[in-house]
Amino acid sequence: MSKAELSKEMRTSPTVQPSNCGNGEAPINYQLLLLTILEKDCPVFENLFEFCQIYAGGTIDAARRLNNQLCDITINWAGDLYHANKWEALRFCYINDLVLGILEFLKYHARVLYIDIDVHHTRVF
151 MSKAELSKEM
161 RTSPTVQPSN
171 CGNGEAPINY
181 QLLLLTILEK
191 DCPVFENLFE
201 FCQIYAGGTI
211 DAARRLNNQL
221 CDITINWAGD
231 LYHANKWEAL
241 RFCYINDLVL
251 GILEFLKYHA
261 RVLYIDIDVH
271 HTRVF
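Numbering-wise (the working numbering), the sequence shown opens with residue 151 and increments by one.
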């Protein structure tokens with residue numbers, strides 16, 4: 151999925167609320183996604199979609215500001231939720247905002263180096 155397609159999907163997707171999860175009211179193409187979220191360690195909560203827009207948008211905007219030399223340092227305190235896969239929410243991470251930030255950097259730079267310095271157990275496949 152391209153960044154433009156993801157952006158369109160985020161703008162047009164229905165809001166996920168606890169009241170419309172798993173009871174057939176959500177569109178059929180979201181049923182599997184909702185079941186994946188519910189079965190893992192990523193609970194559905196009120197305004198989940200807006201939460202994802204805010205933290206992922208913050209990371210994209212931080213990268214955009216750096217690319218356009220509007221500032222030297224950016225911090226998104228709500229971001230760094232990078233455990234999510236393309237089609238799967240994991241470990242309380244619903245959207246991998248770091249990938250979206252890196253895609254923004256790649257608009258201006260040929261390569262991006264990302265160094266993860268936190269310490270925790272990795273996911274076993």
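Calculated from the structure, these hints are not laboratory results. Hints may contain errors.
Distance condition first, Cα-Cα at most 20 Å in a straight line; then the derived SDA-like pairs of lysine to any residue [stated by the list, open to error]: (1) Lys257 <-> Leu198; (2) Lys236 <-> Ile252; (3) Lys236 <-> Ile210; (4) Lys236 <-> Asp191; (5) Lys257 <-> Val194; (6) Lys257 <-> Gly208; (7) Lys236 <-> Tyr264; (8) Lys257 <-> Leu220; (9) Lys236 <-> Asn217; (10) Lys236 <-> Asn218; (11) Lys257 <-> Asn218; (12) Lys236 <-> Ile204; (13) Lys236 <-> Leu216; (14) Lys257 <-> Pro193; (15) Lys236 <-> Phe201; (16) Lys236 <-> Asp222; (17) Lys236 <-> Phe255; (18) Lys236 <-> Pro193; (19) Lys236 <-> Val194; (20) Lys236 <-> Gln203; (21) Lys236 <-> Glu200; (22) Lys236 <-> Phe199; (23) Lys236 <-> Ile223; (24) Lys257 <-> Phe201; (25) Lys257 <-> Cys192; (26) Lys236 <-> Gln219; (27) Lys257 <-> Asp191; (28) Lys257 <-> Glu200; (29) Lys236 <-> Cys221; (30) Lys257 <-> Asn246; (31) Lys236 <-> Tyr205; (32) Lys236 <-> Tyr258; (33) Lys257 <-> Asn197; (34) Lys257 <-> Phe199; (35) Lys236 <-> Leu198.
Here are the computed distance ranges between Cβ atoms for each label pair [claimed, not checked]: (36) Ala260 <-> Trp227: 28 to 34 Å; (37) Leu263 <-> Trp227: 34 to 40 Å; (38) Ile265 <-> Arg241: 27 to 33 Å; (39) Ile204 <-> Leu253: 15 to 21 Å; (40) Pro193 <-> Gln219: 38 to 44 Å.
Beta carbons: idealized from backbone N, C-alpha and C, even for Gly.
Results of checking the hints against the structure:
1. Between Lys257 and Leu198 the alpha-carbon distance is near 29 Å, which puts this suggested pair outside the 20 Å criterion.
2. For the suggested pair Lys236 and Ile252, the alpha carbons sit about 14 Å apart, so the restraint of at most 20 Å is met.
3. Taking the CA atoms of Lys236 and Ile210, the gap is near 17 Å; set against the 20 Å cutoff, the hint holds.
4. The straight-line distance between the Cα atoms of Lys236 and Asp191 is roughly 16 Å, inside the 20 Å bound, and the hint therefore holds.
5. At most 20 Å may separate the alpha-carbon atoms for a hinted pair to count; Lys257 and Val194 exceed this at roughly 33 Å.
6. Restraint check for Lys257 and Gly208: the C-alpha separation of about 17 Å stays at or below 20 Å, so the hint holds.
7. A threshold of 20 Å between alpha carbons decides the hint, and for Lys236 with Tyr264 the separation of about 18 Å falls inside it, so the pair holds.
8. Using a Cα cut-off of 20 Å, the hinted pair Lys257 and Leu220 holds, with the two alpha carbons roughly 16 Å apart.
9. Simply put, Lys236 and Asn217 have alpha-carbon atoms about 24 Å apart, too far for the 20 Å limit, and the pair is violated.
10. Only pairs whose Cα atoms come within 20 Å are accepted, and Lys236 paired with Asn218 is rejected, the gap being roughly 27 Å.
11. At most 20 Å may separate the alpha-carbon atoms for a hinted pair to count; Lys257 and Asn218 meet this at roughly 11 Å.
12. For the hint linking Lys236 to Ile204, the alpha-carbon distance of about 18 Å falls within 20 Å, and the restraint holds.
13. For the hint linking Lys236 to Leu216, the alpha-carbon distance of about 25 Å lies beyond 20 Å, and the restraint is violated.
14. Of the pairs offered as hints, the one joining Lys257 and Pro193 is violated, with about 33 Å between alpha carbons and a cut-off of 20 Å exceeded.
15. The straight-line distance between the Cα atoms of Lys236 and Phe201 is roughly 18 Å, inside the 20 Å bound, and the hint therefore holds.
16. A distance of roughly 30 Å separates the Cα atoms of Lys236 and Asp222; the hinted pair therefore is violated under the 20 Å criterion.
17. A hinted pair counts as satisfied when its Cα atoms are at most 20 Å apart, and Lys236 with Phe255 qualifies at roughly 19 Å.
18. Between Lys236 and Pro193 the CA atoms are separated by roughly 18 Å; this keeps the pair inside 20 Å, and the hint holds.
19. Straight-line distance between C-alpha atoms of Lys236 and Val194 comes to about 18 Å, which keeps the hinted pair within the 20 Å bound.
20. Taking the CA atoms of Lys236 and Gln203, the gap is near 16 Å; set against the 20 Å cutoff, the hint holds.
21. Our distance criterion of 20 Å between C-alpha atoms is met by Lys236 and Glu200, whose separation comes to about 18 Å.
22. Using a Cα cut-off of 20 Å, the hinted pair Lys236 and Phe199 holds, with the two alpha carbons roughly 16 Å apart.
23. Annotation: proposed proximity of Lys236 to Ile223 is violated, straight-line Cα distance about 28 Å (limit 20 Å).
24. With a CA separation close to 25 Å, the supplied pair Lys257 and Phe201 exceeds the 20 Å bound.
25. Between the alpha carbons of Lys257 and Cys192 the distance comes to roughly 31 Å, so the proposed pair goes past 20 Å and is violated.
26. This hinted pair does not check out: Lys236 and Gln219 have alpha carbons roughly 29 Å apart, beyond 20 Å.
27. About 33 Å separates the Cα atoms of Lys257 and Asp191, which puts this hinted pair outside 20 Å; it is violated.
28. With a CA separation close to 26 Å, the supplied pair Lys257 and Glu200 exceeds the 20 Å bound.
29. A threshold of 20 Å between alpha carbons decides the hint, and for Lys236 with Cys221 the separation of about 30 Å lies outside it, so the pair is violated.
30. For the hint pairing Lys257 with Asn246, the CA-to-CA distance comes to about 18 Å; that is within 20 Å, so the pair holds.
31. Between the alpha carbons of Lys236 and Tyr205 the distance comes to roughly 16 Å, so the proposed pair stays at or under 20 Å and holds.
32. A threshold of 20 Å between alpha carbons decides the hint, and for Lys236 with Tyr258 the separation of about 23 Å lies outside it, so the pair is violated.
33. Of the pairs offered as hints, the one joining Lys257 and Asn197 is violated, with about 31 Å between alpha carbons and a cut-off of 20 Å exceeded.
34. The suggested pairing of Lys257 with Phe199 is violated, with an alpha-carbon distance near 26 Å, which exceeds 20 Å.
35. In summary, the hint linking Lys236 to Leu198 is supported, as the alpha carbons are separated by about 17 Å, within the 20 Å threshold.
36. About 29 Å separates the C-beta atoms of Ala260 and Trp227, a value consistent with the hinted range of 28 to 34 Å.
37. Between Leu263 and Trp227 the beta carbons are some 22 Å apart, a value that contradicts the proposed interval 34 to 40 Å.
38. For the hinted restraint 27 to 33 Å between Ile265 and Arg241, the CB-CB distance of approximately 19 Å leaves it violated.
39. At about 18 Å, the CB distance of Ile204 to Leu253 agrees with the hint of 15 to 21 Å.
40. Here the CB-CB span from Pro193 to Gln219 is close to 39 Å, well matched to the stated 38 to 44 Å.
Consistency note: the structure conflicts with the earlier hints numbered 1, 5, 9, 10, 13, 14, 16, 23, 24, 25, 26, 27, 28, 29, 32, 33, 34, 37, 38.
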